[in-house]
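Between the sequences and the hints, there should be enough to build the whole structure, so can you do that?
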Amino acid sequence: MLRPRLPLGEYYQLLQRAGLLAGGAVGADLTRLVEAVTCDSRSAVPGSLFLCKGAAFKEEYLAQALGQGAFAYVSEVPYKNQPAPCIRVTDIRSAMGLLADAAWGHPSGEVAVIGITGTKGKTTTAYFLKSILDCWREKQGLHPVGLLSTIVTDDGAQRRPAVLTTPEPLDLQRHLWNAANAGCGYVVMECSSQALKYGRMTGVELDTAVFLNLGEDHISPKEHPTLEDYFQSKLKIFDRARRAVVNLDSDRAPQILAAAGKCGEVTSYALDAPNGALKGRVTGPVQGGMTFAAPYGGALAQFTIPLAGRFNVSNALAALGVCQYLGVPLDAVQRGLAQARVPGRMETYAAGGKTVIVDYAHNGMALEALLRSVREDHPGAPVTVVFGCTGGKGLDRREGMGKAAGRYADHIILTEDDPGPEEVEDICAEIGGYITPFGKTYTVIPDRETAIRSAIGTAPAGAVVVLAGKGSEMEQKRKNGPEPCVPDGMLAQKYLRE
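Our numbering numbers the first residue of the sequence shown as 53 and each following residue consecutively.
In case anyone wonders, no lab produced these hints; they're calculated from the structure. There may be inaccurate statements among the hints.
Below 27 Å or equal to it, Euclidean Cα-Cα: the simulated DSSO-like pairs (lysine-lysine) are [unchecked claim]: (1) K288 - K314; (2) K445 - K105; (3) K492 - K455; (4) K529 - K445; (5) K529 - K110; (6) K529 - K546; (7) K546 - K274; (8) K288 - K331; (9) K132 - K105; (10) K455 - K105; (11) K249 - K110.
In C-alpha coordinates, the structure reads:
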(Lines of atoms letter the chains of each structure in order from A and count residues from 1; the text may use other names and numbers.)
(Lines give C-alpha, C1' and ligand atoms only; values in the text may rest on other atoms or scores of the structure.)
Protein backbone atom coordinates (compact mmCIF):
# COMPACT_ATOMS: atom_id res chain seq x y z
CA MET A 1 0.00 0.00 0.00
CA LEU A 2 1.56 3.29 -1.12
CA ARG A 3 1.24 6.36 1.03
CA PRO A 4 -0.36 9.17 -1.00
CA ARG A 5 1.18 12.59 -1.66
CA LEU A 6 -1.77 14.95 -1.95
CA PRO A 7 -1.88 18.63 -2.86
CA LEU A 8 -2.83 21.04 -0.08
CA GLY A 9 -6.09 21.74 -1.94
CA GLU A 10 -7.36 18.22 -1.34
CA TYR A 11 -6.90 18.59 2.41
CA TYR A 12 -8.58 21.99 2.26
CA GLN A 13 -11.58 20.61 0.34
CA LEU A 14 -11.85 17.69 2.79
CA LEU A 15 -12.23 20.14 5.66
CA GLN A 16 -14.62 22.25 3.61
CA ARG A 17 -16.90 19.29 2.85
CA ALA A 18 -16.92 18.38 6.54
CA GLY A 19 -18.01 21.90 7.48
CA LEU A 20 -14.92 22.43 9.63
CA LEU A 21 -13.49 25.56 7.98
CA ALA A 22 -13.73 28.74 10.06
CA GLY A 23 -12.03 31.20 7.72
CA GLY A 24 -12.03 32.33 4.11
CA ALA A 25 -9.23 32.03 1.55
CA VAL A 26 -6.25 30.11 2.83
CA GLY A 27 -3.62 32.31 1.19
CA ALA A 28 -1.42 29.37 0.20
CA ASP A 29 -0.55 27.50 -2.96
CA LEU A 30 -3.27 24.82 -2.97
CA THR A 31 -1.49 22.92 -5.75
CA ARG A 32 1.63 22.30 -3.67
CA LEU A 33 2.14 18.69 -2.64
CA VAL A 34 2.10 17.97 1.08
CA GLU A 35 5.03 15.75 2.01
CA ALA A 36 3.84 15.00 5.54
CA VAL A 37 1.05 15.87 7.97
CA THR A 38 2.24 16.17 11.56
CA CYS A 39 1.36 17.64 14.96
CA ASP A 40 4.87 17.10 16.35
CA SER A 41 7.13 20.04 15.55
CA ARG A 42 10.19 17.83 16.01
CA SER A 43 9.16 15.61 13.10
CA ALA A 44 8.32 18.39 10.63
CA VAL A 45 10.13 18.17 7.27
CA PRO A 46 10.18 20.45 4.21
CA GLY A 47 6.71 20.44 2.68
CA SER A 48 4.88 19.55 5.91
CA LEU A 49 1.36 20.60 6.87
CA PHE A 50 1.48 21.25 10.63
CA LEU A 51 -1.48 20.76 12.98
CA CYS A 52 -1.70 22.97 16.07
CA LYS A 53 -3.46 20.83 18.64
CA GLY A 54 -3.77 20.37 22.38
CA ALA A 55 -4.72 22.52 25.34
CA ALA A 56 -1.04 22.97 26.15
CA PHE A 57 -0.05 24.03 22.61
CA LYS A 58 2.55 26.79 22.44
CA GLU A 59 3.28 29.11 19.53
CA GLU A 60 6.93 28.11 19.75
CA TYR A 61 5.99 24.63 18.51
CA LEU A 62 4.60 26.17 15.33
CA ALA A 63 7.70 28.33 14.94
CA GLN A 64 9.89 25.23 15.23
CA ALA A 65 7.82 23.34 12.63
CA LEU A 66 7.99 26.25 10.19
CA GLY A 67 11.73 26.52 10.78
CA GLN A 68 12.08 22.87 9.77
CA GLY A 69 10.18 23.36 6.51
CA ALA A 70 6.43 23.24 7.20
CA PHE A 71 4.74 25.58 4.73
CA ALA A 72 1.19 25.85 6.14
CA TYR A 73 -0.65 25.06 9.34
CA VAL A 74 -4.12 24.08 10.57
CA SER A 75 -5.35 25.71 13.75
CA GLU A 76 -8.40 26.97 15.59
CA VAL A 77 -6.63 30.32 16.03
CA PRO A 78 -4.26 32.09 13.62
CA TYR A 79 -0.78 33.05 14.82
CA LYS A 80 -0.14 36.45 13.21
CA ASN A 81 3.53 36.49 14.11
CA GLN A 82 4.23 33.33 12.14
CA PRO A 83 5.02 33.72 8.42
CA ALA A 84 2.86 30.94 7.00
CA PRO A 85 -0.70 30.50 5.72
CA CYS A 86 -3.25 29.30 8.29
CA ILE A 87 -6.14 26.98 7.51
CA ARG A 88 -8.46 27.92 10.34
CA VAL A 89 -10.88 25.27 11.60
CA THR A 90 -13.68 25.17 14.14
CA ASP A 91 -12.60 21.87 15.75
CA ILE A 92 -8.96 20.80 15.54
CA ARG A 93 -9.68 17.33 16.96
CA SER A 94 -12.19 16.48 14.23
CA ALA A 95 -9.90 18.02 11.62
CA MET A 96 -6.98 15.88 12.79
CA GLY A 97 -8.92 12.67 12.31
CA LEU A 98 -9.95 13.55 8.76
CA LEU A 99 -6.50 14.79 7.73
CA ALA A 100 -4.71 11.81 9.29
CA ASP A 101 -6.94 9.34 7.44
CA ALA A 102 -6.30 11.11 4.13
CA ALA A 103 -2.57 11.49 4.75
CA TRP A 104 -2.15 7.74 5.25
CA GLY A 105 -4.44 6.73 2.38
CA HIS A 106 -7.40 5.41 4.43
CA PRO A 107 -5.62 2.22 5.59
CA SER A 108 -8.66 0.84 7.41
CA GLY A 109 -10.04 0.16 3.94
CA GLU A 110 -7.15 -2.28 3.41
CA VAL A 111 -7.09 -4.11 6.77
CA ALA A 112 -10.08 -5.38 8.77
CA VAL A 113 -10.28 -3.48 12.07
CA ILE A 114 -12.08 -4.95 15.09
CA GLY A 115 -12.86 -2.32 17.72
CA ILE A 116 -13.65 -3.17 21.35
CA THR A 117 -15.13 -0.83 23.94
CA GLY A 118 -16.48 -1.29 27.47
CA THR A 119 -15.73 -0.30 31.03
CA LYS A 120 -13.78 -3.48 31.77
CA GLY A 121 -12.46 -6.42 29.77
CA LYS A 122 -11.24 -4.62 26.64
CA THR A 123 -7.65 -5.79 26.95
CA THR A 124 -8.51 -9.39 27.81
CA THR A 125 -10.98 -9.63 24.92
CA ALA A 126 -8.41 -8.12 22.55
CA TYR A 127 -5.76 -10.65 23.60
CA PHE A 128 -8.26 -13.51 23.29
CA LEU A 129 -9.08 -12.40 19.75
CA LYS A 130 -5.46 -11.94 18.74
CA SER A 131 -4.55 -15.39 20.05
CA ILE A 132 -7.42 -17.00 18.13
CA LEU A 133 -6.77 -15.16 14.88
CA ASP A 134 -3.03 -15.84 15.09
CA CYS A 135 -3.72 -19.59 15.51
CA TRP A 136 -5.99 -19.52 12.48
CA ARG A 137 -3.60 -17.52 10.30
CA GLU A 138 -0.50 -19.46 11.37
CA LYS A 139 -2.08 -22.62 10.00
CA GLN A 140 -2.53 -20.78 6.69
CA GLY A 141 1.04 -19.46 6.71
CA LEU A 142 -0.15 -15.88 7.20
CA HIS A 143 1.23 -12.97 9.22
CA PRO A 144 0.05 -12.49 12.84
CA VAL A 145 -2.64 -9.85 13.30
CA GLY A 146 -2.04 -6.35 14.64
CA LEU A 147 -2.90 -5.33 18.20
CA LEU A 148 -3.48 -1.85 19.62
CA SER A 149 -4.10 -2.29 23.33
CA THR A 150 -3.60 -0.68 26.71
CA ILE A 151 -0.51 -2.84 27.15
CA VAL A 152 1.22 -2.98 23.78
CA THR A 153 1.18 -1.51 20.29
CA ASP A 154 2.01 -4.15 17.67
CA ASP A 155 1.35 -3.10 14.07
CA GLY A 156 3.47 -5.66 12.23
CA ALA A 157 6.33 -3.20 11.76
CA GLN A 158 6.99 -2.31 15.39
CA ARG A 159 6.10 -3.65 18.80
CA ARG A 160 6.40 -1.44 21.87
CA PRO A 161 4.63 -0.53 25.12
CA ALA A 162 1.45 1.46 24.54
CA VAL A 163 1.29 5.17 25.38
CA LEU A 164 -2.49 5.53 25.04
CA THR A 165 -5.20 2.89 24.95
CA THR A 166 -6.27 4.29 21.57
CA PRO A 167 -3.51 6.27 19.81
CA GLU A 168 -3.92 9.85 18.58
CA PRO A 169 -5.18 10.07 14.95
CA LEU A 170 -1.86 10.45 13.12
CA ASP A 171 -0.29 7.62 15.14
CA LEU A 172 -3.39 5.44 14.77
CA GLN A 173 -3.51 5.80 10.98
CA ARG A 174 0.24 5.11 10.76
CA HIS A 175 -0.21 1.90 12.75
CA LEU A 176 -3.08 0.81 10.49
CA TRP A 177 -0.98 1.60 7.42
CA ASN A 178 1.92 -0.45 8.83
CA ALA A 179 -0.44 -3.34 9.56
CA ALA A 180 -1.85 -3.27 6.03
CA ASN A 181 1.65 -3.25 4.51
CA ALA A 182 2.88 -6.01 6.81
CA GLY A 183 0.03 -8.30 5.74
CA CYS A 184 -1.57 -8.47 9.19
CA GLY A 185 -5.02 -8.94 7.66
CA TYR A 186 -6.72 -7.79 10.87
CA VAL A 187 -6.08 -5.24 13.59
CA VAL A 188 -7.67 -5.79 16.99
CA MET A 189 -7.91 -2.51 18.89
CA GLU A 190 -9.26 -1.17 22.14
CA CYS A 191 -11.45 1.91 21.70
CA SER A 192 -11.46 4.18 24.73
CA SER A 193 -14.35 6.50 25.54
CA GLN A 194 -11.99 9.48 25.20
CA ALA A 195 -10.91 8.40 21.73
CA LEU A 196 -14.52 7.98 20.63
CA LYS A 197 -15.63 11.27 22.19
CA TYR A 198 -12.85 13.38 20.71
CA GLY A 199 -12.70 11.94 17.22
CA ARG A 200 -9.41 10.04 17.33
CA MET A 201 -11.06 7.34 15.23
CA THR A 202 -12.55 9.66 12.62
CA GLY A 203 -12.18 7.99 9.23
CA VAL A 204 -11.52 4.50 10.64
CA GLU A 205 -13.76 1.79 9.18
CA LEU A 206 -14.56 -0.96 11.68
CA ASP A 207 -15.27 -4.43 10.37
CA THR A 208 -16.80 -5.29 13.75
CA ALA A 209 -17.58 -3.23 16.87
CA VAL A 210 -17.78 -4.98 20.25
CA PHE A 211 -19.57 -3.43 23.25
CA LEU A 212 -18.68 -5.35 26.42
CA ASN A 213 -20.32 -3.61 29.37
CA LEU A 214 -20.98 -0.30 31.09
CA GLY A 215 -20.04 0.92 34.55
CA GLU A 216 -19.03 4.20 36.14
CA ASP A 217 -15.49 5.17 35.20
CA HIS A 218 -13.59 8.19 33.89
CA ILE A 219 -16.17 10.54 35.40
CA SER A 220 -14.33 13.76 36.22
CA PRO A 221 -14.09 17.37 34.99
CA LYS A 222 -11.09 16.39 32.83
CA GLU A 223 -12.72 13.35 31.21
CA HIS A 224 -16.50 12.81 31.17
CA PRO A 225 -18.61 15.20 33.26
CA THR A 226 -21.42 12.65 33.66
CA LEU A 227 -22.12 8.95 33.24
CA GLU A 228 -24.45 9.82 30.36
CA ASP A 229 -21.64 11.60 28.52
CA TYR A 230 -19.41 8.55 29.09
CA PHE A 231 -22.14 6.22 27.79
CA GLN A 232 -22.96 8.30 24.72
CA SER A 233 -19.26 8.53 23.88
CA LYS A 234 -18.93 4.75 23.93
CA LEU A 235 -21.99 4.32 21.71
CA LYS A 236 -20.15 6.24 18.98
CA ILE A 237 -18.27 3.02 18.20
CA PHE A 238 -21.29 1.89 16.17
CA ASP A 239 -21.15 4.99 13.93
CA ARG A 240 -18.27 3.51 11.97
CA ALA A 241 -18.90 -0.25 12.12
CA ARG A 242 -20.23 -2.75 9.60
CA ARG A 243 -21.16 -5.35 12.24
CA ALA A 244 -21.73 -5.37 15.99
CA VAL A 245 -21.37 -7.75 18.94
CA VAL A 246 -23.29 -6.77 22.10
CA ASN A 247 -23.28 -8.15 25.67
CA LEU A 248 -26.89 -8.59 26.79
CA ASP A 249 -25.76 -8.85 30.43
CA SER A 250 -24.60 -5.25 30.29
CA ASP A 251 -26.36 -2.38 32.01
CA ARG A 252 -28.50 -0.51 29.45
CA ALA A 253 -28.37 -3.45 27.05
CA PRO A 254 -31.59 -2.36 25.23
CA GLN A 255 -30.10 1.07 24.52
CA ILE A 256 -26.84 -0.49 23.36
CA LEU A 257 -28.72 -2.83 21.01
CA ALA A 258 -30.74 0.06 19.65
CA ALA A 259 -27.57 2.04 18.89
CA ALA A 260 -25.97 -1.05 17.31
CA GLY A 261 -28.94 -1.26 14.96
CA LYS A 262 -27.25 1.21 12.61
CA CYS A 263 -24.73 -1.55 11.77
CA GLY A 264 -25.53 -3.99 8.98
CA GLU A 265 -25.43 -7.06 11.25
CA VAL A 266 -25.85 -7.40 15.01
CA THR A 267 -25.27 -10.44 17.22
CA SER A 268 -25.34 -10.80 20.99
CA TYR A 269 -23.98 -12.97 23.79
CA ALA A 270 -24.81 -13.57 27.43
CA LEU A 271 -24.08 -15.65 30.50
CA ASP A 272 -27.16 -14.54 32.43
CA ALA A 273 -29.63 -12.92 30.02
CA PRO A 274 -31.89 -15.61 28.50
CA ASN A 275 -31.91 -14.55 24.86
CA GLY A 276 -28.32 -14.04 23.71
CA ALA A 277 -27.48 -15.54 20.33
CA LEU A 278 -24.33 -16.90 22.00
CA LYS A 279 -25.61 -18.23 25.33
CA GLY A 280 -22.65 -19.35 27.39
CA ARG A 281 -22.61 -21.64 30.42
CA VAL A 282 -19.72 -21.99 32.85
CA THR A 283 -18.95 -25.70 33.29
CA GLY A 284 -16.27 -25.40 35.95
CA PRO A 285 -13.02 -23.99 37.21
CA VAL A 286 -9.79 -25.69 36.20
CA GLN A 287 -6.25 -25.10 37.40
CA GLY A 288 -5.61 -21.43 36.63
CA GLY A 289 -8.66 -21.04 34.42
CA MET A 290 -12.26 -21.80 33.50
CA THR A 291 -14.20 -24.08 31.17
CA PHE A 292 -17.46 -23.17 29.49
CA ALA A 293 -19.89 -24.32 26.85
CA ALA A 294 -21.36 -22.19 24.08
CA PRO A 295 -22.88 -22.64 20.63
CA TYR A 296 -20.43 -22.22 17.77
CA GLY A 297 -20.90 -22.99 14.11
CA GLY A 298 -24.34 -24.51 14.70
CA ALA A 299 -23.36 -26.90 17.51
CA LEU A 300 -22.61 -26.75 21.24
CA ALA A 301 -18.85 -26.70 21.88
CA GLN A 302 -16.55 -26.78 24.89
CA PHE A 303 -13.88 -24.14 25.54
CA THR A 304 -11.11 -23.53 28.08
CA ILE A 305 -9.57 -20.19 29.02
CA PRO A 306 -6.40 -19.76 31.13
CA LEU A 307 -7.99 -17.07 33.34
CA ALA A 308 -10.31 -17.44 36.33
CA GLY A 309 -13.57 -15.55 36.77
CA ARG A 310 -17.00 -15.61 35.12
CA PHE A 311 -16.29 -12.15 33.74
CA ASN A 312 -13.46 -13.62 31.67
CA VAL A 313 -15.84 -16.23 30.27
CA SER A 314 -18.00 -13.27 29.20
CA ASN A 315 -14.96 -11.73 27.49
CA ALA A 316 -14.35 -15.03 25.69
CA LEU A 317 -17.97 -15.06 24.48
CA ALA A 318 -17.41 -11.61 22.97
CA ALA A 319 -14.44 -13.04 21.06
CA LEU A 320 -16.60 -15.94 19.86
CA GLY A 321 -19.15 -13.49 18.49
CA VAL A 322 -16.48 -11.82 16.35
CA CYS A 323 -15.00 -15.14 15.22
CA GLN A 324 -18.36 -16.42 14.00
CA TYR A 325 -18.64 -13.35 11.77
CA LEU A 326 -15.15 -13.97 10.42
CA GLY A 327 -15.68 -17.69 9.82
CA VAL A 328 -12.85 -18.83 12.09
CA PRO A 329 -12.83 -22.66 12.42
CA LEU A 330 -13.79 -24.12 15.80
CA ASP A 331 -10.41 -25.77 16.39
CA ALA A 332 -8.59 -22.42 15.98
CA VAL A 333 -11.00 -20.78 18.44
CA GLN A 334 -10.47 -23.53 21.00
CA ARG A 335 -6.69 -23.54 20.65
CA GLY A 336 -6.45 -19.76 20.60
CA LEU A 337 -8.48 -19.34 23.78
CA ALA A 338 -6.67 -22.12 25.61
CA GLN A 339 -3.22 -20.67 24.94
CA ALA A 340 -4.03 -16.96 25.27
CA ARG A 341 -1.83 -15.00 27.66
CA VAL A 342 -2.87 -11.57 28.94
CA PRO A 343 -0.12 -9.66 30.81
CA GLY A 344 -1.27 -8.29 34.15
CA ARG A 345 -4.71 -9.92 33.98
CA MET A 346 -5.46 -12.56 36.62
CA GLU A 347 -1.81 -13.53 36.91
CA THR A 348 -1.68 -16.09 39.72
CA TYR A 349 1.33 -17.00 41.85
CA ALA A 350 1.45 -19.41 44.81
CA ALA A 351 4.00 -20.43 47.43
CA GLY A 352 4.09 -21.20 51.12
CA GLY A 353 0.36 -21.84 51.21
CA LYS A 354 -0.41 -18.33 49.97
CA THR A 355 -1.88 -17.25 46.62
CA VAL A 356 -1.26 -13.87 45.02
CA ILE A 357 -3.41 -12.60 42.14
CA VAL A 358 -2.24 -9.64 40.04
CA ASP A 359 -4.90 -7.86 38.01
CA TYR A 360 -5.34 -4.52 36.28
CA ALA A 361 -8.77 -3.94 37.89
CA HIS A 362 -8.71 -0.17 38.35
CA ASN A 363 -12.34 0.84 38.79
CA GLY A 364 -15.19 -0.21 41.06
CA MET A 365 -16.90 -2.45 38.51
CA ALA A 366 -13.70 -4.37 37.74
CA LEU A 367 -12.56 -4.69 41.36
CA GLU A 368 -15.96 -5.94 42.51
CA ALA A 369 -16.02 -8.58 39.76
CA LEU A 370 -12.47 -9.62 40.65
CA LEU A 371 -13.08 -9.92 44.40
CA ARG A 372 -16.36 -11.76 43.90
CA SER A 373 -14.54 -14.21 41.65
CA VAL A 374 -11.83 -14.71 44.29
CA ARG A 375 -14.50 -15.44 46.91
CA GLU A 376 -16.14 -17.99 44.60
CA ASP A 377 -12.89 -19.69 43.59
CA HIS A 378 -11.32 -19.70 47.09
CA PRO A 379 -14.23 -20.28 49.50
CA GLY A 380 -13.36 -19.59 53.11
CA ALA A 381 -9.91 -18.13 52.35
CA PRO A 382 -8.95 -14.82 54.00
CA VAL A 383 -8.74 -12.15 51.27
CA THR A 384 -6.31 -9.21 51.38
CA VAL A 385 -6.52 -6.51 48.71
CA VAL A 386 -3.90 -3.88 47.86
CA PHE A 387 -4.92 -0.97 45.65
CA GLY A 388 -5.02 2.79 45.16
CA CYS A 389 -6.61 5.26 42.74
CA THR A 390 -5.25 7.69 40.15
CA GLY A 391 -4.78 11.32 41.03
CA GLY A 392 -6.41 14.16 39.13
CA LYS A 393 -8.80 12.04 37.07
CA GLY A 394 -11.25 9.16 37.32
CA LEU A 395 -12.41 10.53 40.67
CA ASP A 396 -15.45 8.23 40.70
CA ARG A 397 -13.13 5.23 41.04
CA ARG A 398 -12.47 6.05 44.69
CA GLU A 399 -16.05 5.39 45.70
CA GLY A 400 -16.48 2.31 43.51
CA MET A 401 -13.23 0.64 44.54
CA GLY A 402 -13.66 1.56 48.20
CA LYS A 403 -17.13 0.00 48.31
CA ALA A 404 -15.95 -3.13 46.47
CA ALA A 405 -13.13 -3.64 48.97
CA GLY A 406 -15.45 -2.94 51.89
CA ARG A 407 -17.89 -5.59 50.71
CA TYR A 408 -15.56 -8.40 49.72
CA ALA A 409 -12.11 -8.08 51.37
CA ASP A 410 -11.05 -9.08 54.88
CA HIS A 411 -7.87 -7.00 54.96
CA ILE A 412 -7.35 -3.79 52.97
CA ILE A 413 -4.11 -1.94 52.27
CA LEU A 414 -4.35 1.36 50.40
CA THR A 415 -1.33 2.60 48.47
CA GLU A 416 -0.27 4.55 45.38
CA ASP A 417 -1.56 4.00 41.85
CA ASP A 418 -0.43 6.86 39.61
CA PRO A 419 -1.16 9.60 42.18
CA GLY A 420 -0.01 12.33 39.79
CA PRO A 421 -0.68 15.82 41.19
CA GLU A 422 -2.28 14.60 44.45
CA GLU A 423 -0.84 13.29 47.69
CA VAL A 424 -1.18 9.53 48.10
CA GLU A 425 -2.42 9.93 51.66
CA ASP A 426 -5.22 12.28 50.55
CA ILE A 427 -6.41 9.84 47.88
CA CYS A 428 -6.32 6.95 50.37
CA ALA A 429 -8.26 8.95 52.95
CA GLU A 430 -11.02 9.59 50.43
CA ILE A 431 -11.16 5.90 49.45
CA GLY A 432 -11.22 4.97 53.13
CA GLY A 433 -14.36 7.01 53.66
CA TYR A 434 -16.20 4.50 51.47
CA ILE A 435 -14.69 1.48 53.26
CA THR A 436 -15.52 2.25 56.89
CA PRO A 437 -19.34 2.10 56.49
CA PHE A 438 -18.87 -1.65 55.90
CA GLY A 439 -17.32 -2.04 59.35
CA LYS A 440 -13.88 -2.66 57.84
CA THR A 441 -10.56 -1.06 58.75
CA TYR A 442 -7.74 -0.32 56.36
CA THR A 443 -4.02 0.46 56.44
CA VAL A 444 -2.32 3.16 54.36
CA ILE A 445 1.20 2.38 53.09
CA PRO A 446 2.06 5.05 50.47
CA ASP A 447 4.96 3.22 48.80
CA ARG A 448 3.46 0.45 46.65
CA GLU A 449 6.39 -1.97 46.89
CA THR A 450 6.37 -1.72 50.69
CA ALA A 451 2.60 -2.21 50.70
CA ILE A 452 2.87 -5.38 48.62
CA ARG A 453 5.67 -6.78 50.79
CA SER A 454 3.58 -6.13 53.92
CA ALA A 455 0.43 -7.67 52.41
CA ILE A 456 2.17 -10.89 51.38
CA GLY A 457 4.34 -11.11 54.50
CA THR A 458 1.48 -10.70 56.99
CA ALA A 459 -1.13 -12.79 55.15
CA PRO A 460 -1.85 -16.09 56.96
CA ALA A 461 -1.41 -19.48 55.33
CA GLY A 462 -4.26 -20.23 52.95
CA ALA A 463 -4.89 -16.53 52.25
CA VAL A 464 -5.38 -14.90 48.88
CA VAL A 465 -3.66 -11.54 48.29
CA VAL A 466 -5.07 -9.44 45.43
CA LEU A 467 -2.82 -6.76 43.91
CA ALA A 468 -5.17 -4.56 41.91
CA GLY A 469 -4.79 -1.62 39.58
CA LYS A 470 -1.32 -1.70 38.01
CA GLY A 471 -1.18 -5.09 36.32
CA SER A 472 2.07 -5.35 34.35
CA GLU A 473 2.74 -1.59 34.27
CA MET A 474 6.36 -0.52 34.77
CA GLU A 475 5.81 3.16 35.54
CA GLN A 476 4.32 5.06 38.45
CA LYS A 477 2.96 8.50 37.48
CA ARG A 478 3.91 10.86 40.27
CA LYS A 479 4.04 14.67 40.65
CA ASN A 480 7.18 15.08 38.58
CA GLY A 481 6.07 12.71 35.84
CA PRO A 482 6.43 8.97 35.20
CA GLU A 483 9.01 7.11 37.28
CA PRO A 484 10.10 3.47 36.77
CA CYS A 485 8.59 0.87 39.07
CA VAL A 486 8.78 -2.90 39.43
CA PRO A 487 5.65 -4.64 38.04
CA ASP A 488 3.32 -6.15 40.63
CA GLY A 489 3.87 -9.66 39.28
CA MET A 490 7.61 -9.51 39.83
CA LEU A 491 7.09 -8.14 43.34
CA ALA A 492 4.61 -10.93 44.08
CA GLN A 493 7.13 -13.60 43.10
CA LYS A 494 9.93 -11.90 45.01
CA TYR A 495 8.03 -11.62 48.29
CA LEU A 496 6.48 -15.09 48.01
CA ARG A 497 10.02 -16.48 47.77
CA GLU A 498 10.98 -14.55 50.89
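Evaluation of the provided hints:
no., hint, result
1, K288 - K314, "11 Å, holds"
2, K445 - K105, "21 Å, holds"
3, K492 - K455, "10 Å, holds"
4, K529 - K445, "12 Å, holds"
5, K529 - K110, "24 Å, holds"
6, K529 - K546, "23 Å, holds"
7, K546 - K274, "37 Å, violated"
8, K288 - K331, "26 Å, holds"
9, K132 - K105, "17 Å, holds"
10, K455 - K105, "39 Å, violated"
11, K249 - K110, "24 Å, holds"
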